[in-house]
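Numbering-wise (full-length UniProt numbering), the sequence shown opens with residue 1 and increments by one.
The set of hints was computed from the structure by calculation and includes no laboratory data. Check each hint, because a few of them may be wrong.
Between beta-carbon pairs, the in silico distance windows are [unchecked claim]: (1) 52 / 89: 30 to 38 angstroms; (2) 87 / 37: 37 to 45 angstroms; (3) 27 / 129: 36 to 44 angstroms; (4) 107 / 64: 17 to 25 angstroms.
Please read these numbers as outputs of a predicted model, since none were measured by experiment. Here a beta-carbon is modelled for each residue, glycine too, at the ideal position from N, C-alpha and C.
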Amino acid sequence: MRIALFEPEIAGNVGAVMRLCACLGASVDLIEPLGFAWDDRRVRRAAMDYIDHVAVTRHASFAAFLATLGQSRLVLFTTKTDQNAYAFPYRADDVLLFGKESAGVTAEVLAAADARVRLPMRAEVRSLNLATSAALALGEALRQTGGLPG
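Using the sequences plus the hints, can you model the full thing?
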């Protein structure tokens, strides 16, 4: 299973997602442009020594990323759907996609998604933190597919 981040803007979120994926055995795809310098020490600080235990692939564009999907489904996590992420049937080769912190994804990305799902939350709040969303999503997807480690 893979976590893909579309044009992430906050180094700390990327580092936290990298640490999450290192711990749960998923890989990370970063779709550029990034909103920070890749050598930013905040990425390493958030990912800590876990950075050496996760496969990270950077893609120059969304089109370049799409070329790597093969038969995998692209599952977009968005607030713009009613499909509950906990009722969605995941597959072990799914790619879980998250938009940039400030603006989500473009119309092109939205159209390319094979599925759109929403993490349930209270109506009076806007959204979860990117890394928190990724943790909830990856945990559920791995639980459903029998992919949780240990």
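Going down the list of hints, with the structure as the test:
Between residue 52 and residue 89 the Cβ separation comes to about 33 angstroms, which falls inside the hinted range of 30 to 38 angstroms. For the hinted restraint 37 to 45 angstroms between residue 87 and residue 37, the CB-CB distance of approximately 39 angstroms keeps it satisfied. In this structure, residue 27 and residue 129 break the distance hint of 36 to 44 angstroms, their C-beta atoms being roughly 21 angstroms apart. About 18 angstroms separates the C-beta atoms of residue 107 and residue 64, a value consistent with the hinted range of 17 to 25 angstroms.
In the structure shown, a violation is registered for the earlier hint numbered 3 alone.
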